[in-house]
Each structure stands twice: as C-alpha cells, then as structure tokens.
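Work out the full structure, taking the sequences as your base and the hints as a guide.
If you're matching them up, the sequences are chains F and C in order. For what it's worth, our numbering labels the leading residue of the first sequence as 1, then goes sequentially. For what it's worth, our numbering labels the leading residue of the second sequence as 1001, then goes sequentially.
Facing chain F, a subset of chain C residues (Cβ under 8 Å, in silico):
#: 1; residue: Cys1070
#: 2; residue: His1100
#: 3; residue: Leu1104
#: 4; residue: Phe1108
#: 5; residue: Ser1109
#: 6; residue: Lys1131
For the record, the hints were derived by calculation from the structure and aren't laboratory data. The beta carbon of each residue, even a glycine, is placed where N, CA and C say it ideally should be.
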Amino acid sequence: MKKRGVFATALATMAMSLWTPHGVEGADAARKKISLRVLYVGDPATEREKDFVGLLEKHFAKVGKADLGKVEAKDGDGFDVVIVDYSGLTIKGNAIVTPRIPFGRDYSRPILTIAAAGALVCDSLGLKTGYL
Amino acid sequence: MSEAAQGELPKHEVFEGPFKVKPVYEWWETPSNYRGYPGGEKLPDKLKVWRVQKTTDKPGEVPEPYGAVCRPFKNSPEAEALVVGYNTFKMNGAVAVGRHGNFLQWGFSASPSKMTDAGRKFFLNCVCYIKKSDGKAPVSRSKPIEWPARWGVAHE
Chain F
1 MKKRGVFATA LATMAMSLWT PHGVEGADAA RKKISLRVLY VGDPATEREK DFVGLLEKHF
61 AKVGKADLGK VEAKDGDGFD VVIVDYSGLT IKGNAIVTPR IPFGRDYSRP ILTIAAAGAL
121 VCDSLGLKTG YL
Chain C
1001 MSEAAQGELP KHEVFEGPFK VKPVYEWWET PSNYRGYPGG EKLPDKLKVW RVQKTTDKPG
1061 EVPEPYGAVC RPFKNSPEAE ALVVGYNTFK MNGAVAVGRH GNFLQWGFSA SPSKMTDAGR
1121 KFFLNCVCYI KKSDGKAPVS RSKPIEWPAR WGVAHE
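Right under this line is the structure:
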C-alpha cells in the first residue's frame, strides 16, 4: 500500500513537470532550458505581456522585460535577442499611431518584431518585411 | 491577415529545431481577393493552410489585434520568407513571417496562449533562429511606403 502511494506521488510529480500551460507539448516540454537571454519589450502589466513572458521563461535561460514606452537600445545589452511587441494599433485623427522604437538603422543585434505594429516598424526602417 | 500560414512547410532549419514544427493542415477556400492578382485565376478552389493561432473558429477571419503580411520577395543571403500568410485582403504569396538582416518579423498577432502547438514551436524557433543574425544589419534597404495623407504614421 505504501509502495503504491510512493509510485502515485512520483507519477503525479512527473505529470506536473510535463504540464506546461501555453508551453509546448510532449517531450519538448521537459527539455532543458535553451541557453539564450531574451528581452521582451511590450505593454507592461498586461495579460499579453504575462502570456509572452510566461512562455519565454519556460524555455529560455534568462528572460527580461521592458516597457515599450521607455525602452532604450542599450537595454538590449546583456540579452541575445530582443522581442518588440505591441498589442494594437491606435488611430488618432488621420494617423496610425505606432510605438517609438529606439532600435534604428544602426541597430545590428537580433530583434524579433510582432504583428502589424512590427511590420510598420520594419517599413520605417526600409526592410523587406515592412507592412504591405 | 488571418490566423493561418499557407502552404506546406518549406525545408528550413527554423521548422526543425530546437522544436520540431508539426503543422495540422486544413483546406480553406481560396480567398476571392487572390483572383485579382496575376496568376490568381489559375489557383485551385481550396488552399492548404495550417493554423498558427486560434482565436476564432471561422476560417479566414481577421482577428484583432491585427497581424500583417509583407510583399512577396525573393530569398537572398540577407532576407528570406519563412511562411506565407493566408489573407483575405492582400495578394497571394504575401509573407507572414520573414527575416531581413537582424530583424525577424512575426506577422501573426496572438499571444502564446492563443497559438497552436505548432505555432508556439515555430515562434520559439524563430527566437532562436534570429540569434544567428547577430551583427548582420541589412545592407539593402527600400524606401518606406509613402502612406496616403489620411493614413499617416505617427509615433507615440
């Protein structure tokens, strides 16, 4: 009886270690963290930020976060990849309002931009991945 | 853009690791807007797609926040299209996820909890993949789109 209890506890522990809400599934979920340092730049204290940072923390060795409204290019120092996210486009008057992005033409570190705002940023930098 | 990538996965390391991307394919109606572009009349009635995210059950729905595609472009050492997006407003072949130099543009809009398993794995692989472009700022640049006055772009 005691043995069965120990076995059940071990099984439950193993199942919990594989359970990753919004992580990847199966054997991939149990792998060691990837040795990359990732900075997520987005809208602070939002569900979206929590969701992205949660996924990244499950899989990468170091994850930082920064406020898109205040971030500076130097904030990317100490990280391997910067992710720039923006949950939505705002229209004010006759203009699409995009975030002020400090990662300009001279920025050569790895950067991942997301969705429509990301495409507008790429467009402003003359990239092929700019908004169509 | 919708919630799906269009076509089968090309052979590319970004789909192989660290996480193996295994899309679940579906067949969706060919968007009528594709017909208006060159070659559009020759497209089949349905196209093979795979969902990267799922915020709605409706095929082809354009969810908020909005995603984006960019103009189709030829791959080169400094720029590559990784997946094409299924979209109901733009041209066939428009790129949903692509890289130019050290910038990787992820055109889908949902946060991870709304991504499919294949979508999450692809996203994580993209984070790893762009690391390889450290120090490789784009050499070629195009002129930014001249937005019509009524759709100017302002910055916060």
